[in-house]
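Student: Please construct the entire structure, taking both the sequences and the accompanying hints into account.
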Amino acid sequence: MNAPLSFAELSARQRVQHLLDAGTFTEILGPAQRVVSPHLALLGVPYAFDDGVVIGSGTLQGQSVLIAAQEGEFMGGGVGEVHGAKLVGLLRRALQVRPAAVLVCAESGGVRLHEANAGLIAVSEVMRALLDVRAAGIPVVMLIGGANGCFGGMGLIARCADHVVMSDQARMSMSGPEVIESSHGVEEFDSRDRALVWRTTGGKHRFLMGDCDRLVEDDVSAFRQAAAALLGQSRALTLQGLLAEHVVLTERLARFGDCGDAMDVWHRMGVAHPEQVTDMEAAQMQGLLSGVALESL
Amino acid sequence: MEHLTYQLTGHKALPAFGAVLVGVVGSGNLEVLMEQGTDPAHCTFSINTSARGFGPIWEAVVQNFQARHQLAGVAVSINDMGATPAVVSLRLDQAAASLPSGGAA
Chain A
1 MNAPLSFAEL SARQRVQHLL DAGTFTEILG PAQRVVSPHL ALLGVPYAFD
51 DGVVIGSGTL QGQSVLIAAQ EGEFMGGGVG EVHGAKLVGL LRRALQVRPA
101 AVLVCAESGG VRLHEANAGL IAVSEVMRAL LDVRAAGIPV VMLIGGANGC
151 FGGMGLIARC ADHVVMSDQA RMSMSGPEVI ESSHGVEEFD SRDRALVWRT
201 TGGKHRFLMG DCDRLVEDDV SAFRQAAAAL LGQSRALTLQ GLLAEHVVLT
251 ERLARFGDCG DAMDVWHRMG VAHPEQVTDM EAAQMQGLLS GVALESL
Chain B
1 MEHLTYQLTG HKALPAFGAV LVGVVGSGNL EVLMEQGTDP AHCTFSINTS
51 ARGFGPIWEA VVQNFQARHQ LAGVAVSIND MGATPAVVSL RLDQAAASLP
101 SGGAA
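Just so you know, the protein sequences line up as chains A and B, in that order. Residue 231 in my numbering is what sits at position 231 of the first sequence, and the numbering runs on without skipping anything. Residue 57 in my numbering is what sits at position 57 of the second sequence, and the numbering runs on without skipping anything.
Note that these hints are calculated values from the structure, not bench results. Careful, some of the hints might be misleading.
[What the hints assert, rightly or not] Short, incomplete list of chain A residues facing chain B, as computed with Cβ under 8 angstroms:
hint : residue
1    : S11
2    : P31
3    : A32
4    : A41
5    : G44
6    : V45
7    : P46
8    : Y47
9    : A48
10   : F49
11   : E71
12   : E73
13   : F74
[What the hints assert, rightly or not] Selected chain B positions facing chain A (Cβ under 8 angstroms, derived; list incomplete):
hint : residue
14   : A19
15   : L21
16   : V24
No residue lacks a Cβ here, since even glycine has one placed at the ideal position from N, Cα and C.
Tutor: This is the structure in structure tokens:
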């Protein structure tokens, strides 16, 4: 048994190497090809040779997959024009080669603001391409475990996917904490209260709310296992499904809209000891959700 | 942003190798791409850095690297987001260690 290897601490390239079967990764548009951002140099900002995203193909437990990994250290994983085009190209390729899944290690603050409209368009193009892949019955799996979380347009993209896998440390949301605080005030959301931020946007809350399908420990082999279990597991993309999801969201707002803290939400959900949730292991959370409150609680 | 280039002689020829990339263009960090160069007698450096005015320090760092490694026929490309000279040296060494024959000093 190997010692856990923190998914959060790995670079995008390392994540790809550790998630796939050893030695099977073939990169598309690798750094030596220098398909770089046309915008950053104009602004006097250094670009990255891969524009902050690694894409390619490989196998996971012997099954062919396409994979993308965003590098959170470069521009906060921001989606620029080239970055987005690489994601779109990978998703379109899935329609041709029909992999067992498209895996996306999402770590991004959303649109790369330096590239403004080009980044916004890129995000919408990624969504459209992702939905085409889903419509073709190929599952798209989001793996979220980086320190930067998955926010803005990338949060929207993540929730378009068939499955979302998160670690406890991971965060996913639309507007980030600082954005909410600056637009609605510190009383609404104190972005410096790390515990509050993680309770509200973190993997555990997302899991309890049903926005994240699988909660895993911050261990790359746990992510690998979760991804392997989801190969070939596509979810039907139908109008009825979408309408049902709207109903769920409306009910969520009605039921929890007045809660000031995620802990209030958990309490109202029937979690016996909401104050203990933040200290629970990922495996215990599964029990909590299926209503089998553990005796140790 | 500032663009700097250096061309330093070296005598250690390497067998054919695929491009090597280490590091990330993050705050205080850099990426180093080592590829086969077109000039068999030199190691070339092409640097994009966010910090202007540090040419002499970059020159000292790449000269120090080349004095230790003596690479020939290698093209080094760097995208830098304000890494300190020590970090640059470590990244260069890390990339060199990934080259065939180890690139050891």
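Student: Now tell me, hint by hint, if it's right for this structure.
Tutor: Consistency of the hints with the structure:
no.: 1; hint: S11; verdict: 6 angstroms, holds
no.: 2; hint: P31; verdict: 5 angstroms, holds
no.: 3; hint: A32; verdict: 4 angstroms, holds
no.: 4; hint: A41; verdict: 7 angstroms, holds
no.: 5; hint: G44; verdict: 4 angstroms, holds
no.: 6; hint: V45; verdict: 7 angstroms, holds
no.: 7; hint: P46; verdict: 5 angstroms, holds
no.: 8; hint: Y47; verdict: 6 angstroms, holds
no.: 9; hint: A48; verdict: 4 angstroms, holds
no.: 10; hint: F49; verdict: 6 angstroms, holds
no.: 11; hint: E71; verdict: 6 angstroms, holds
no.: 12; hint: E73; verdict: 3 angstroms, holds
no.: 13; hint: F74; verdict: 5 angstroms, holds
no.: 14; hint: A19; verdict: 4 angstroms, holds
no.: 15; hint: L21; verdict: 5 angstroms, holds
no.: 16; hint: V24; verdict: 4 angstroms, holds
In this structure, every one of the numbered hints holds.
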